[in-house]
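Protein sequence lines, in the order shown, are assigned to chains F and X.
Residue numbering for the first sequence follows numbering that gives the first Met the number 0, beginning at 0 and increasing consecutively.
Residue numbering for the second sequence follows numbering that gives the first Met the number 0, beginning at 0 and increasing consecutively.
Everything labelled a hint here was simulated from the structure, so no lab data went into it.
Treat the hints with care, as some may be off.
[As the list claims (entries may be wrong)] Simulated restraints, written as ranges between beta carbons of each label pair: (1) X:ARG307 / F:TYR63: 29 to 37 Å; (2) X:PRO338 / F:THR241: 52 to 60 Å; (3) F:GLU68 / X:LYS96: 45 to 53 Å; (4) X:GLU57 / F:GLU70: 43 to 51 Å.
[Claimed, not checked] Only some residues are given here: those of chain F computed to face chain X with a beta carbon under 7 Å: (5) VAL78; (6) LEU130; (7) PRO134; (8) LEU135; (9) GLN168; (10) ALA214; (11) ARG265; (12) ARG293; (13) THR295; (14) PRO389; (15) ASN401; (16) VAL425.
For every residue, glycine included, the Cβ atom is placed at its ideal position computed from N, Cα and C.
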Amino acid sequence: MVDRTEPKPTHPAASRRAFLKAGLMGGAAVAASAGVARAAGDPLITEIQDWNRYLGDGVDVSPYGTPSEFEANVVRRNVPWLTADPVSSINFTPLHELDGIITPNGLCFERHHGGAAVIDPADHRLMINGLVDTPLVFTMEDLKRFPRENRLYFLECAANGGMEWKGSQLNGCQFTHGMIHCVVYTGVPLRYLLEEAGVKTNGKWLLAEGADASAMTRSIPMEKALDDCLVAFKMNGEALRTEQGYPLRLCVPGWEGNMWVKWLRRLEVGDEPWAQREETSKYTDLLADGKARRHTFVMDVKSVITSPSPQAPVTHGKGPLVISGLAWSGNGTIKRVDVTIDGGRTWQTARIDGPSLPKALHRFYLDINWDGSEMLLQSRAIDDQGLVQPTKNALRAARGGNSIYHNNGIQTWHVNNDGVVENVEVS
Amino acid sequence: MLKFPKSAAFAALAFAVFASPALADGDVAAGEKVFKKCSACHTVGEGARHRVGPELNELFGREAGSAEGYKYSKAMIEAGDGGLVWDAESLTEFLTKPKDMIKGTKMAFAGLKKQEELANILAYLKTFSAAQAAEAGSVVEEQPVETAAAETVEPAAEPETMVVEASKGAFGLGRVAMPAEIVAWDIDIRPDGTGLPEGKGTVAEGDPIYAENCAVCHGDFGEGAGRWPVLAGGQGTLLKDRPVKTIGSYWPYLSTVFDYVRRAMPFGDARSLSDDDVYALTAYLLYLNDIVDDETFELSKQNFTSVRLPNEGNFIPDDRLSEPHYAKGLEPCMSECKPGPVKITARAQIIDVTPDVEGDDANAGGGID
Chain F
0 MVDRTEPKPT HPAASRRAFL KAGLMGGAAV AASAGVARAA GDPLITEIQD WNRYLGDGVD
60 VSPYGTPSEF EANVVRRNVP WLTADPVSSI NFTPLHELDG IITPNGLCFE RHHGGAAVID
120 PADHRLMING LVDTPLVFTM EDLKRFPREN RLYFLECAAN GGMEWKGSQL NGCQFTHGMI
180 HCVVYTGVPL RYLLEEAGVK TNGKWLLAEG ADASAMTRSI PMEKALDDCL VAFKMNGEAL
240 RTEQGYPLRL CVPGWEGNMW VKWLRRLEVG DEPWAQREET SKYTDLLADG KARRHTFVMD
300 VKSVITSPSP QAPVTHGKGP LVISGLAWSG NGTIKRVDVT IDGGRTWQTA RIDGPSLPKA
360 LHRFYLDINW DGSEMLLQSR AIDDQGLVQP TKNALRAARG GNSIYHNNGI QTWHVNNDGV
420 VENVEVS
Chain X
0 MLKFPKSAAF AALAFAVFAS PALADGDVAA GEKVFKKCSA CHTVGEGARH RVGPELNELF
60 GREAGSAEGY KYSKAMIEAG DGGLVWDAES LTEFLTKPKD MIKGTKMAFA GLKKQEELAN
120 ILAYLKTFSA AQAAEAGSVV EEQPVETAAA ETVEPAAEPE TMVVEASKGA FGLGRVAMPA
180 EIVAWDIDIR PDGTGLPEGK GTVAEGDPIY AENCAVCHGD FGEGAGRWPV LAGGQGTLLK
240 DRPVKTIGSY WPYLSTVFDY VRRAMPFGDA RSLSDDDVYA LTAYLLYLND IVDDETFELS
300 KQNFTSVRLP NEGNFIPDDR LSEPHYAKGL EPCMSECKPG PVKITARAQI IDVTPDVEGD
360 DANAGGGID
């Protein structure tokens, strides 16, 4: 549903042209600068350009295509001080540069605990053991003979936003919200594999284990395993990237990213959870009273404005402005996203554009006519269970400041008169 | 809903297992893989700098203990003063068992046991030493010849035959896992002791194992070096502004310590410790955390579950949905939601910890641990 607060520009082509010029010139200073605004016209139009005269590359130059050289700044970045070592660390998806709901494979954030393992698919095995009728071993070839499905899911690290619990810290949605990506997975429903082995009636939990140097392990309730989990070998149509678990990873839709075990080599059925490191000492949420929640699997309803944001300032001055963002919920679909430009005094419902699929990213837009005055931008998502994204202060009141994980609080961006954007918190 | 017929027969499949072909001596690419064991502490190549250990560019021909800006052990500096220069021979001796050659070296690495790995890592490191570039180049050139030779030999190798049972499931895909395979991979341990192997080890036995394998990152007393995890102390800090979450202060179960050390430690050389070593280390970690106070305390499969960690009772189930902001039927406010103009209460630019494009080592508080 379109809910514009201002009418559409009457001459879209003309205003886009003006935007481009304004962008090049850095906003209001257009007329004062040399070159572009000469009466003789824009030399990019009046003069013949190299790319218009000389031949470009042939089809044999780039057998596997890469982004344009002008997009070289669209990359994953890490924050060196966050972790002891880049081998067991994280980098962040450049959300501020992306649009739509699909994350390109090379930009999906990476988190691994013992480096990215390199495994020849011919050497990879998946074992199912424990409380099953028949323990089994599959090769990749075996797995590709099961009926497969394609599903779009977001994957969010439970620590996404973890650095912001005590206040605004990192200046960019890549860093505050970039531990998330959303791709189409192709794989075999986990249920088929478990049924092939035959789960015994007391098999209530599943341990998923990776083949990497951390031998990552997580306990998953059998109910979830049999519901919508997927054993995936493709992302966005091509093989998983090395850093995403090539040749095989687990998908645990809507649940914290750490459970989506990469380089998946073993599934053990048991009657109780295993209390592994990543579900006791890590990925448990310390509360203000000293208690700690465990098995906080679901990723909560959440949203963020990706542009404007600190790394994507407003460069075109006042006038039409597209406010764009992402919303998601581990419970299902997003029902509604509201946006405020005054720090939460008044809200408008944004327009969700593109597919609205459960446990996948949703893209929203609010098209406004910016008057050039300061803004305090926020977005607030509501999912199909009726859960409303809380404020950061509401989360702190309930949990304290030491939870690290599951920070789904409302993000505020301050936009000043020049279009510069900063990560702030408000009263 | 499965439409495939159940396969009734036990099909016997023949598996061909080839002996792996001998690797060429001093393989640079293989050496790069071996270097992963070193990369927890060392860097090499463009942009390399000192970390836990010194950077390793121009290592060949370097006097021991001489890399500028790195704080060496006294023993290493003395070795350099005594004329030790790093070359293939001295590095081979050192990397075989560092503490045997230089008593008192800070390098906690136990050593490379395989000659092949030693040759490969030296070939790899040599490529970052300019003086050796020509020689390294010749090594690389020789490789294709040797690889080709290996390939012609391979088909002649006698394949072993492994008879396996097919799956009896609806699809008949996969095969039955063999007991030896399950034993090799199923090493997980639960809080009730399920999965514990036979074995034992004392606090006193764990001390030198810890010093050799763990202290370099986790500190002599489990206090943590740099941002590596703190393992001991922190009791009574969970209510504080900066809680220190250690085995003694936070972890609910001892089984997690044994399981994790056995599966993933030491960092970069996983699965290299014996079960007895892991029992001894676990006992030593209990000692560092003041949970046992007797150096002769022996931890074993038999008494393992009798040890309980102090914070076990403080873990609760997920009750996020009981929080007030998730109360059912809350209709979010759309207008006049706040009484007056909204004020900014915190700003990221003041803290200034966002990395810039060139990379930034600013060290901020908090983190994702």
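Checked hints:
no.	hint	in the structure
1	X:ARG307 / F:TYR63: 29 to 37 Å	55 Å, violated
2	X:PRO338 / F:THR241: 52 to 60 Å	53 Å, holds
3	F:GLU68 / X:LYS96: 45 to 53 Å	50 Å, holds
4	X:GLU57 / F:GLU70: 43 to 51 Å	36 Å, violated
5	VAL78	5 Å, holds
6	LEU130	12 Å, violated
7	PRO134	4 Å, holds
8	LEU135	4 Å, holds
9	GLN168	6 Å, holds
10	ALA214	4 Å, holds
11	ARG265	5 Å, holds
12	ARG293	5 Å, holds
13	THR295	5 Å, holds
14	PRO389	4 Å, holds
15	ASN401	6 Å, holds
16	VAL425	5 Å, holds
Hints 1, 4 and 6 from the list above are not met by this structure, while the remaining hints are.
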